[in-house]
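Here the protein sequences line up with chains A and B, keeping their order.
Using the numbering used here, you'd call the opening residue of the first sequence number 23 and step up by one each time.
Using the numbering used here, you'd call the opening residue of the second sequence number 2 and step up by one each time.
Calculated from the structure, these hints are not laboratory results.
There may be inaccurate statements among the hints.
Coverage of chain A stretches by chain B, computed from C-beta distances (three or more under 8 Å per stretch; other residues unrestricted) [to be verified]:
#: 1; stretch: 168–175
#: 2; stretch: 246–258
#: 3; stretch: 266–280
#: 4; stretch: 291–300
Model, not experiment: these values are computed from the prediction.
Glycine is no exception: its CB is placed at the ideal position from the N, C-alpha and C atoms.
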Amino acid sequence: MVAVSVGVDDTTRPRATAWQRLRRKPAAMVGLVVVLMFVGAALAAPWLAPYDPLGTSWSRIRRPPSELFWFGTDELGRDILSRILYGARASLQAGVVSVAIAMVLGVPLGLIAGYAGGWSDHVIGRCTDALLACPFLILAIAMAAFLGPSLTNAMIAIGISATPIFIRLTRASVLGVKTEDYVEAARAAGNPHWRILVRHILPNILPPLIVQATLTIATAIIAESALSFLGLGQQPPNPSWGSMLNTARSFMSQAPHMAVWPGLAICVVVLAFNLLGDGLRDVLDPKDG
Amino acid sequence: MQAFLVKRLGVGLITLWVVTVLVFSLIQLLPGDVALALSGEERDPAAMAYVREKYHLDQPVLVQYLYWMGDALRGEFGTSLKTNLPVDDMILSKIPVTLQLAVFSMIWALGIGIPAGVLSALYKSRWPDHLANAVGLSGLSIPNFWLGILLILVFAVELQWLPPGGYVPLSEDPWENLASMLMPSFVLGSGIAAVIMRHTRSAMLGALGADYVRTARAKGLAEKVVIIKHALRNALMPVITLGALEFGQLLSGAVLTEQVFNIPGFGKLIVDAVFTRDFQVVQGAVLFTATMYIALNLLADLAYYLVNPRLRG
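Modelling step: build the complete structure from the supplied sequences, incorporating the hints.
If you want it as structure tokens, here you go:
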């Protein structure tokens, strides 16, 4: 939680939008800019990358960083900078897609559990507990192992493992707003349950969900790199930061630079998502700050 | 009072049952012929016949589950098709190694996390607080397998102070054992230290503003006594129960840490099982971790209940 200070001008200007308040948080803005840079790098990888990320060359194996190869080359003579740029695609894709899977599964279940209560709440609650009882990464590893190693399966495994977080959060948020006057009013006006849930409750519980989604993207990116590091994510020769680190382990004394760049990339992008998420929490969800 | 504990136990048992359904259904994720996938690439007819019989694959899924569940209740997770050893023996033999790693990691985590959290709360919004926050956030953002690789690069490859990996049992050579555990436990503990630091900070801030601290100060007690005996003691309670909840993160982290440092523990067992497609071991390991997690949570509830007189009523 970085600098949880709601400035004086926030209270004097209640109409200041979330964006205006976020803009005054330097740490969150740094996070946002770095995230956008990585998204830009991933999208523009074909134009930014100086070399073919898959192009091997026996004449330039494990070269240290130089003017020609800024980040050096790997054990097959491939340019590490180009592989980092293309690797951003796998990482960001995994982060966003697995969180999307978790939300598509978790938010409706949380809405039902919180709104309907009773038996459905009990059933969904015990399933959530069961998923939470299996440690996140161990569950993801087990699922990825049974599904078979690939980036798609890794994203599915991470998404399902992250689902209980969103079920819990949605349920708790629904319980918080379900007795509010506007929900009672919508019910009194004769709205069907689904409309009350979608039109009245969901928009009001979005802020904590957005904050959690941002922070979970950071967790998912680490999880994807962990699965790729273990060989259960992106498959060679396609670049992924995790699998690059795995290869680097075999050449630590000969080519330490191979281990530095992919790890640094993971760190920076994860830190950026965490900074952005913390900033969003302060702005959107002050009571948790 | 007893009603509370009985209810918690009931919920725990139901959760455990759902976990067994979940772990059992992992098999259904396997693409293609389950017997073929489980028995390995050699297509050994004997192994395939064993798998068909063991999993009752000719029966409906529900019957398969009941058979499997019956075995699991008796603590039999089957025999590994790769090592021919009972899965439960394989798991139990790896536990001491991972347990040692976990205990050492918790020492790092509490040793760094609690003082950092206390300092951070005492110097709120001043530089020690900002520094602790920055370090904590970095701790949460560094993947522990990368931190492990960096430490190996510095302390094993460059300085050659510590072994790059491997494990020496405590009974064989205590010094070597300590040396081989130093880096892995730091790697695993540092991430948890960040979480503990954040919780200690907020619990301390709450305690420092409480009436009993104001009373202690008004009595004229030394500031050190107020902070340690009054504020910290109360703030630590939720932090200690948090330790139980961090168990899952500890095991998840152990999978990667043991891989990086080549430590033959529980985490490495899972990864090796994944690569030899030894699915019984993977299932057994997941079920084992979930059971431990649920049991620890119950114990944490019980401990919280025992140390908190207000709950006893």
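Hints versus structure:
no.: 1; hint: 168–175; result: holds (count 3)
no.: 2; hint: 246–258; result: holds (count 6)
no.: 3; hint: 266–280; result: holds (count 6)
no.: 4; hint: 291–300; result: holds (count 5)
Going through the hint list in order, the structure satisfies each hint without exception.
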